[in-house]
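Engineer: Single-letter residue listing:
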Amino acid sequence: MTYEEKCTIIFKKIKEEKPLVHHITNFVVINDNANTMLAIGALPVMSYAREEVEEMVALSQALVLNIGTLTPETVESAILAGRKANELGIPVVLDPVGAGATQFRTESALKILQEVKISILRGNIGEIGNLLGIKAEVRGVEGGVVDADTSDLAQRASQKFQTVVAITGKIDVVSDGKRAVKIKNGDILLTRITGTGCMATSLCAACAAVERDYLWAASSALGFLGVCGEIAARHSLGPGSFRVSLFDTFYGIKKEELKALLSLEVKD
Amino acid sequence: MTYEEKCTIIFKKIKEEKPLVHHITNFVVINDNANTMLAIGALPVMSYAREEVEEMVALSQALVLNIGTLTPETVESAILAGRKANELGIPVVLDPVGAGATQFRTESALKILQEVKISILRGNIGEIGNLLGIKAEVRGVEGGVVDADTSDLAQRASQKFQTVVAITGKIDVVSDGKRAVKIKNGDILLTRITGTGCMATSLCAACAAVERDYLWAASSALGFLGVCGEIAARHSLGPGSFRVSLFDTFYGIKKEELKALLSLEVKD
Amino acid sequence: MTYEEKCTIIFKKIKEEKPLVHHITNFVVINDNANTMLAIGALPVMSYAREEVEEMVALSQALVLNIGTLTPETVESAILAGRKANELGIPVVLDPVGAGATQFRTESALKILQEVKISILRGNIGEIGNLLGIKAEVRGVEGGVVDADTSDLAQRASQKFQTVVAITGKIDVVSDGKRAVKIKNGDILLTRITGTGCMATSLCAACAAVERDYLWAASSALGFLGVCGEIAARHSLGPGSFRVSLFDTFYGIKKEELKALLSLEVKD
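Chains as they are written, first to last, in this note's numbering: chain A, 25 to 292; chain B, 25 to 292; chain C, 25 to 292.
Honestly, I wouldn't trust all of these hints.
If chains are identical, the list can't say which one is meant, so a pair holds when it fits in one copy or spans any two.
Derived pair list, reagent style DMTMM-like, types lysine to aspartate or glutamate, alpha-carbon separation capped at 25 angstroms [what the hints assert, rightly or not]:
#1 K36 x D211
#2 K135 x E78
#3 K30 x E75
#4 K36 x E131
#5 K159 x E78
#6 K279 x E40
#7 K141 x E29
#8 K194 x E41
#9 K278 x D211
#10 K135 x E75
Hints were generated in silico from the structure; no laboratory data involved.
Could you put together the complete structure from these sequences and hints?
Structural biologist: Okay, here's the thing in structure tokens:
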């Protein structure tokens with residue numbers, strides 16, 4: 025089976041199994057995250073209160089922890105839900121939004137990484153670099169520049185945090201500490217609407233719900249998003265219509281089209 | 025006057041009276057809820073703080089209580105606002121999102137039902153079933169399967185909670201304990217974007233603001249949403265364009281079109 | 025240089041300098057605010073926790089304080105971030121959403137005005153009137169009627185609060201206490217989607233980040249929004265497609281088109 029076929033099978037399984045993906049996510053993208061899940065055939069549930077997150081995650085097949093608009097309360101809920109997920113063998117995907125921008129974000133992300141076994145850590149190069157203690161320029165939550173090779177960084181982060189690491193950027197890199205996948209799909213318009221990084225994270229979680237090789241779960245998620253972005257861009261006049269078309273494409277993309285457009289480079 | 029004419033008159037009155045609808049709603053759909061109100065000619069206001077909800081609801085013509093992303097604080101605010109609405113004779117619509125998924129949700133919904141006189145209770149069959157103590161499978165907040173007849177369930181819930189009950193699903197059922205309306209409108213795409221259940225709830229509130237026969241307020245709201253969904257689906261390539269077209273249709277639908285497409289079955 | 029040219033230069037500078045705009049904004053429009061920033065080439069960051077707002081604003085080039093879904097905690101964070109911005113010379117734009125609707129909103133807006141030096145105060149006539157102690161009818165957060173001349177009101181508010189005041193409505197008025205600009209652009213559809221007032225506020229902040237004559241920053245922001253609204257309306261079937269087209273226009277509008285359509289009246 026080719027790598028491209030693996031990816032199409034993962035998305036077919038999502039449609040069949042309809043995994044419930046519990047999100048403790050930020051309020052900027054909460055609606056986009058939910059619509060991303062529904063468009064691919066997964067089910068979203070958003071729940072924050074410490075009174076219920078353990079019970080909710082127990083009903084779920086994957087958990088997203090996204091610190092984009094964090095407070096001490098949501099970090100506490102994230103850890104409660106994460107530990108319960110660990111106990112039950114439910115995959116947990118962490119998005120350390122803005123790590124490095126403030127001490128509170130960096131420390132909260134590191135605290136979650138310490139308290140919860142993370143299946144996939146998905147961030148941009150600035151965020152992942154900062155978690156490794158590399159001084160990276162982070163402008164808010166939208167990017168970052170690090171004087172380091174992305175593949176090397178992904179591998180180091182993977183080894184340090186004992187998790188699959190997915191770094192998104194012009195070229196995405198996924199590493200499990202040994203193997204690596206580069207994904208060369210995408211479109212510049214993905215950077216002109218908010219929340220596409222967070223969508224990538226949610227897609228990682230939906231994929232992880234049906235595929236326990238998390239390197240492949242993450243790679244498939246990022247490849248899928250990149251390909252859908254390319255297709256949506258063709259039908260777009262700007263970010264408004266791009267966003268509409270992106271959800272249409274999540275929903276309607278054919279597996280042949282996905283397979284044909286995926287541009288993966290695998291280092292086993 | 026036919027039932028279909030009643031529905032068109034309610035939506036005409038909303039355009040004329042522009043009721044202000046106070047929402048204590050969840051953060052997934054908060055933007056969609058506001059845009060739904062504006063598209064039909066009502067005015068939304070979203071306000072949560074216990075410091076102001078009583079004052080805000082006193083300016084309003086209807087109140088929505090939606091527990092989708094509840095916390096103990098928002099439940100407290102919901103009860104404060106609900107009681108003030110009761111005092112002033114302002115209709116209150118409750119959406120017990122995810123009741124049954126967690127104990128906190130079930131208990132919070134029941135607590136609101138106990139403390140506040142609800143005009144319309146709008147949920148899916150899993151949520152309403154769970155509130156009645158029927159063990160129902162609820163997967164997050166997106167659905168539910170109950171081994172019971174929907175009409176029977178709506179009637180029982182209506183009698184138990186002394187409110188109009190609207191259960192949405194493939195066929196919607198509204199009951200006031202005696203009379204019942206079935207609404208056979210809708211499109212599968214309504215289940216592929218988030219928040220259409222919550223939109224149904226907001227529409228119930230806008231209708232209740234101008235029509236004190238809450239059975240008809242709820243039936244008109246659900247009929248309107250179903251018909252708009254059917255029209256929007258014709259112009260859609262997927263959930264992204266469907267959502268856009270849904271708001272366009274809320275805004276532009278002609279009363280003749282609404283009347284012609286409504287598929288109601290009334291049991292007086 | 026004509027006034028119209030000034031406006032196009034401001035938006036060119038935003039594209040070049042990519043200012044980071046820190047938002048403490050409401051949950052209805054948080055996603056729209058972020059997408060507005062990205063569409064014009066600025067960078068948004070949304071951050072609320074008192075643990076980090078001072079650090080976050082120090083990385084930013086402008087700060088938005090929007091009290092649409094305020095709580096005592098977000099008001100506290102707004103003041104912390106605002107004071108730090110003052111210390112660092114970063115412009116602060118305040119949107120007193122719903123001031124006058126409840127005592128909590130009026131008092132919170134006045135408290136922020138007292139504790140923080142505001143660069144631009146952007147509201148509708150009801151909100152600004154209420155802050156001046158003029159009894160104004162405010163229906164929720166969507167409008168207001170005041171028995172007073174808008175230009176006079178803007179001037180009085182500007183003098184009282186020692187800030188540029190931008191009052192949006194059918195005709196927008198901006199005053200710095202002496203000079204005044206009237207902006208006659210816009211379309212009725214801007215009132216049929218939620219958050220366009222809040223978008224105006226975010227645009228004011230992005231403009232203020234690159235133009236320290238805040239009268240011109242605010243006037244350019246409102247002119248830009250009005251012109252984009254006019255263009256988007258031409259391509260729209262209703263509020264759903266209008267919103268999509270609005271973001272496309274924010275992104276793609278040509279400076280010649282902007283210059284040609286701007287309708288400004290300046291009183292130096």
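Engineer: Next, verify each hint and record whether it holds.
Structural biologist: Outcome of the hint check:
| no. | hint | verdict |
| --- | --- | --- |
| 1 | K36 x D211 | both (24 angstroms within a copy, 23 angstroms between copies) |
| 2 | K135 x E78 | both (18 angstroms within a copy, 21 angstroms between copies) |
| 3 | K30 x E75 | neither (39 angstroms within a copy, 43 angstroms between copies) |
| 4 | K36 x E131 | neither (38 angstroms within a copy, 37 angstroms between copies) |
| 5 | K159 x E78 | between (35 angstroms within a copy, 20 angstroms between copies) |
| 6 | K279 x E40 | within (14 angstroms within a copy, 40 angstroms between copies) |
| 7 | K141 x E29 | neither (29 angstroms within a copy, 56 angstroms between copies) |
| 8 | K194 x E41 | between (32 angstroms within a copy, 21 angstroms between copies) |
| 9 | K278 x D211 | both (19 angstroms within a copy, 22 angstroms between copies) |
| 10 | K135 x E75 | both (21 angstroms within a copy, 15 angstroms between copies) |
In the structure shown, a violation is registered for the earlier hints numbered 3, 4, 7, in ascending order.
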